[in-house]
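First to last, the sequence lines map onto chains G and X. The first sequence begins at 98 in the working numbering and counts up by one. The second sequence begins at 574 in the working numbering and counts up by one.
The hints are simulated quantities; they were obtained by calculation from the structure and are not laboratory data. Treat the hints loosely; a few may be bogus.
Below, a sample of chain G positions facing chain X; criterion: calculated Cβ distance under 7 Å [said to hold, decoys possible]:
#1 Ala-120
#2 Leu-127
#3 Pro-129
#4 Ala-182
Glycine included, C-beta positions come from ideal geometry on N, C-alpha and C.
Residues per chain are reported as follows:
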Amino acid sequence: MNHTGESMVPRLAVGVRLKFDEARSCWVILAPERVMIPDEIAVEIVRRCDGRSSLSAIIDELATGYDASRELIAQDVCELVAELADKGILTQ
Amino acid sequence: MSILRADLPLAVLAELTHRCPLQCPYCSNPQQLLSARDELSTADWKRVIDQAAELGALQIHFSGGEPMMRRDLDELVGHAHAAGLYSNLITSGVRSGRDRLTALAQSGLDHVQLSFQDTDVQSAERIGNYSGAQDKKIAFAEEVCAAGLPLTINAVVHRQNLARLGEMIELALALGAARLEIAHVQYYGWALRNRGALMPTRAQVEAATRTVDAARRRLNRRLVIDYVVPDYFARRPKACMGGWGRRFMNITPSGNVLPCHAAETLPGITFDSVMDRPLADIWRSSVAFEKYRGTAWMPEPCRSCDRREIDWGGCRCQALAITGRADDADPACELSSNHQMITTLAEAESAETSDAFSYRRYHRPTA
Numbered sequence: 098m099n100h101t102g103e104s105m106v107p108r109l110a111v112g113v114r115l116k117f118d119e120a121r122s123c124w125v126i127l128a129p130e131r132v133m134i135p136d137e138i139a140v141e142i143v144r145r146c147d148g149r150s151s152l153s154a155i156i157d158e159l160a161t162g163y164d165a166s167r168e169l170i171a172q173d174v175c176e177l178v179a180e181l182a183d184k185g186i187l188t189q
Numbered sequence: 574m575s576i577l578r579a580d581l582p583l584a585v586l587a588e589l590t591h592r593c594p595l596q597c598p599y600c601s602n603p604q605q606l607l608s609a610r611d612e613l614s615t616a617d618w619k620r621v622i623d624q625a626a627e628l629g630a631l632q633i634h635f636s637g638g639e640p641m642m643r644r645d646l647d648e649l650v651g652h653a654h655a656a657g658l659y660s661n662l663i664t665s666g667v668r669s670g671r672d673r674l675t676a677l678a679q680s681g682l683d684h685v686q687l688s689f690q691d692t693d694v695q696s697a698e699r700i701g702n703y704s705g706a707q708d709k710k711i712a713f714a715e716e717v718c719a720a721g722l723p724l725t726i727n728a729v730v731h732r733q734n735l736a737r738l739g740e741m742i743e744l745a746l747a748l749g750a751a752r753l754e755i756a757h758v759q760y761y762g763w764a765l766r767n768r769g770a771l772m773p774t775r776a777q778v779e780a781a782t783r784t785v786d787a788a789r790r791r792l793n794r795r796l797v798i799d800y801v802v803p804d805y806f807a808r809r810p811k812a813c814m815g816g817w818g819r820r821f822m823n824i825t826p827s828g829n830v831l832p833c834h835a836a837e838t839l840p841g842i843t844f845d846s847v848m849d850r851p852l853a854d855i856w857r858s859s860v861a862f863e864k865y866r867g868t869a870w871m872p873e874p875c876r877s878c879d880r881r882e883i884d885w886g887g888c889r890c891q892a893l894a895i896t897g898r899a900d901d902a903d904p905a906c907e908l909s910s911n912h913q914m915i916t917t918l919a920e921a922e923s924a925e926t927s928d929a930f931s932y933r934r935y936h937r938p939t940a
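This is chain X alone, in the form it adopts within the complex:
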């Protein structure tokens, strides 16, 4: 199996809306959430879907917020299917009904990713700040299977739910999932704000890795487990988004095109909108996509590193969050002169005694 040629995007993440019934404190949406009136119209999304397919994208992830808040979701899924795209729905599962999933399956939806906040109901509903969510999610998983759609369970893990990782694996099996994605929180946006309440201890991270390794062996050919390791305990950075401007485009509810979810936190970069330019132009030649693409922008120690085309310098948003400079080497790398900062932060914050969350929600202007 070879790696794909890098000049065409693999996938588009379509953030249809920021509206969501849940308020998870690690949400990847920006802290300034967009409202319904800022969202692209159905016709705009259809045009963008066609442009993505023409450009060579193979997959589209319908995400949000909660994408099921959009009444035109079926129509957009159908449009993506007709354009030849593999479509994936990333959902909290609390806004549904059997008819809706059947309709989505008939529209050509290929796959569903359903989030669970915890296996302990009280803890799960506290994390999402939504009472009654767990029963709805379990019913939703059953509806996904009844509609004949393949199911992945998404579990974001952190200090307050890692003790029940083994139960989460059992839950995914019991719900009929073929795949489980276990992702440690990545600290940008809302998660950065809640870092002290979420940061796991080193002992928890090590136990989680052992649990995943053992489950992978035990459940081979029953459950595929994808595991996203925690940057703050890493020795080398991840290739964030597979490298800036190499594989993914993230389109915000209002139509801005970003190389990653959190890119709008980077100062001094203007992001083009699908309302102003064709997607292909933005992908190939926009200032934002060119900014950190490839290796020419890299500082040392990345520039001369033999892993520069493996991790592509890691994550720009993380460099900004930790060192204050987006152009620095990702401090998750032990070769970064700032690596000690991230290690010290992780240790200090994992020992925080407060578990209180600052929930993801709209800020109402104060009088």
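Next up, chain G with everything else stripped away, as it sits in the complex:
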């Protein structure tokens, strides 16, 4: 796994879509030959990966929104973003 620093500005890779699926009543990530159902926290993270916000800003916003420790949020966010970047779902 490559290093994922807070200065990274993540976005969905070309060919990847995040959409709400009415049939299943949940968010889905659609990618080449792959469908994923992100859990609630993953949705909150991935929808902020807009190619403008840095990881640092995303972590700040989530820590404020969830009234949680920044350190804890940072760990969750970096792990998830690294995992999705390794799978080609997110890029920068």
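Fit chain X to the known structure of chain G by using the hints.
Chain X only, in chain G's frame:
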């Protein structure tokens, strides 16, 4: 990330046509190919696309044959996009032109999968039996990138091209692909007929696995490599199609709805057509989709196996091809009493000296 609920299909494979300029000897199409006059009309495909989206399918793969042989491809892609489906084009890339890809991108196409038969031009064009294919494919890949579409390179690997797997990985990178799918031949239909000319040696399979592992580490975040392992050298079977009737529907050019590409080789099953029944009915309650769905149909050793909901009993077509009985455990599994048969076959056929192919083509009736 959780697994999707299993009662809705994930994706539809729309085999728009069996017509194709290439004649690859491992084609997944049946040996009895359908002609243009057997194909569904544009209006029929549009209705099927709407029914698939209503049923909950999220993706549609436009395949064939060569889907670009259909003049209405843009229209169908546009229709799928309007219905909210993620659309994927699976193509040989030899029938194109820049305008066509731009039009497809504008119609909402999400992704392109382009096949390469080999990196060695002479070998590649012999495998596809199509002279001049390689240059067209390379130009096509450039057009895909120029149109702003994401590209996956598909490489089917076997005894006659595995020596150049490393070059194939470099080619995918050079062409600007973000993803490479390396798939060992699966032996049904045409590939079964050509098994002796395609079967790799165990040493080749082991080298391929090492090459893929090393490339994945080296190319992390540059190239995603999906690797489909060869059943004949496996210890456990794959969950064929993610399980029978669990995730995919394959629709043939004439409108038959199948749980997998090769299902029509299974004797004694009637497959419903989109011309006779709505897709949702076929998915939920047709005899064919119910036949091997879930675990109730399973024989031992599958029935009591703790992997029964992981591999779903493997592949029915493979069981039929090897043991003669579609209901048997997939012989790719080492727990199957027939596993030795598949191992022996693999060893014997990998040592075949003839590399001659029986090409995928239409059979003309003999006078």
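Cross-check of the supplied hints:
For G/Ala-120, the interface hint holds, the least distance from its beta-carbon to any beta-carbon of chain X being 4 Å, beneath 7 Å. At its closest, the beta carbon of G/Leu-127 sits 4 Å from a beta carbon of chain X; the interface hint therefore holds under the 7 Å criterion. A hinted interface residue such as G/Pro-129 counts as satisfied when its beta carbon comes closer than 7 Å to some beta carbon of chain X; here the least separation is about 5 Å, so the hint holds. Against a cut-off of 7 Å between C-beta atoms, the interface hint on G/Ala-182 holds, since the closest Cβ of chain X lies about 6 Å away.
Going through the hint list in order, the structure satisfies each hint without exception.
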